[in-house]
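A.B. asks: Residue-level listing of the chains:
There are 2 protein chains.
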Amino acid sequence: MKLYSFFRSSASYRVRIALNLKGLDYDVIPVHLVKGGGEQLSESYRKLNPNALVPTFIDDAGAVLTQSLAIMEYLDEVHPEPLLLPGSALDRAHIRSLALQIACDIHPLNNLRILRYLTRDLKVSEDDKNAWYRHWCVSGLAALEATLVADSRTGTFCAGEKPTLADCCLVPQVANAQRFDCDLTGMATVMRIHTACLDLDAFARAAPANQPDAE
Amino acid sequence: MKLYSFFRSSASYRVRIALNLKGLDYDVIPVHLVKGGGEQLSESYRKLNPNALVPTFIDDAGAVLTQSLAIMEYLDEVHPEPLLLPGSALDRAHIRSLALQIACDIHPLNNLRILRYLTRDLKVSEDDKNAWYRHWCVSGLAALEATLVADSRTGTFCAGEKPTLADCCLVPQVANAQRFDCDLTGMATVMRIHTACLDLDAFARAAPANQPDAE
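Sequence order for the protein chains is A and B.
Each residue of the first sequence is one higher than the last, beginning at 1 in the working numbering.
Each residue of the second sequence is one higher than the last, beginning at 1 in the working numbering.
Treat the hints as calculated values from the structure; they're not laboratory data.
Using N, Cα and C, we set each Cβ at its ideal position, and we do this for glycine too.
Check each hint, because a few of them may be wrong.
Chain A stretches covered by chain B per the calculated footprint, using a threshold of three residues with CB under 8 Å from any CB of chain B [unchecked claim]:
{"id": "1", "stretch": "65-79"}
{"id": "2", "stretch": "89-96"}
{"id": "3", "stretch": "107-116"}
Only chain A is shown next, with the shape it has when bound in the complex (with noise of 0.2 Å):
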């Protein structure tokens, strides 16, 4: 299995917490999303990723697979231990709703490509650019920590005592926001479930600073 990958890439930083979590070997390609205006953009990895963005994922018989979120749920269906939507239909739909809160509505508006266009095409200063960063990561992960308050199934982690798909996206999204100095106060069950998890070996291994082409 390959993955390519960028260090610092959040969608990236899922699937490896993923792939970890399901203890399943794979090798790191590492795509530099800044140097030499981006590796994402040559035409060889477009070719495997039209959209030319990280992750993405090849299976051991060479399948390509793009986003993180089928990406992950491909995973869960093929290697289904330990399982990253466990429970009922319902139990299942609460945690894909609590990923993609985050995957659609905080990490798209904070891209690199996003904050390129803000600037380069819009002319928008560093602080304004800083300030709609913020806004979206504050905002939406204040909702975030409102859906978790609010449901009985908060655990250790967000859906019960184990780590789930849910997990494998805030914790890369809390890692942004802390890079970006975002005020996390008032979102104590999102930084109390991002400790838990840091403190799992998998979710470790997975962090930026710990992969091959980390700067």
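Knowing the structure of chain A, use the given hints to seat chain B on it.
C.D. replies: Frame of chain A, contents of chain B only:
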């Protein structure tokens, strides 16, 4: 079953298509995203959906689900006929990836709240706002076109001869693109699939113009 929906919201539109494809009866509860500053921001709605976004789905037992993709996955597990995610684990991953290309990489960037932030907070001109919209919509749909053209599973619909989760996402995204006069030249596959979908009653009935809150 109840669906809190806004006629023009493409995330709501996706779920309406899925419910119709499965032949399920549901009541639409309109949430007007513009009127009075946005009904989705009311305290009562935020209790249901802390993200203050549509749709929100209430099942027959009163369970509250948010996030369009999580709702559609839930419907597929509980009402599997016809399946929106058919086939092998690899096929399902492919369908999810197509859906997420739209739900993560296009739609979040062009949501109403984003456009409002651009004009109100960043003082972006109307022309630049429209250019932003078209940029993400057109580049995202072009990547989707490339993926569909390259994959042998592409058929009358995104993945074969029956509509799937991917088609539930494609049609509302094309509707948005058309509303903002995006240049869809070169997207022959996307547009062919769009037409095939709208020939089906389940898609046509879900369209914004056929909603109780249509303007």
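A.B. asks: Please go over all the hints and tell whether each is borne out by the structure.
C.D. replies: To see whether the hints hold, each was checked on the structure:
no.	hint	verdict
1	65-79	holds (count 10)
2	89-96	holds (count 6)
3	107-116	holds (count 4)
In terms of the numbered hints stated before, the structure departs from none.
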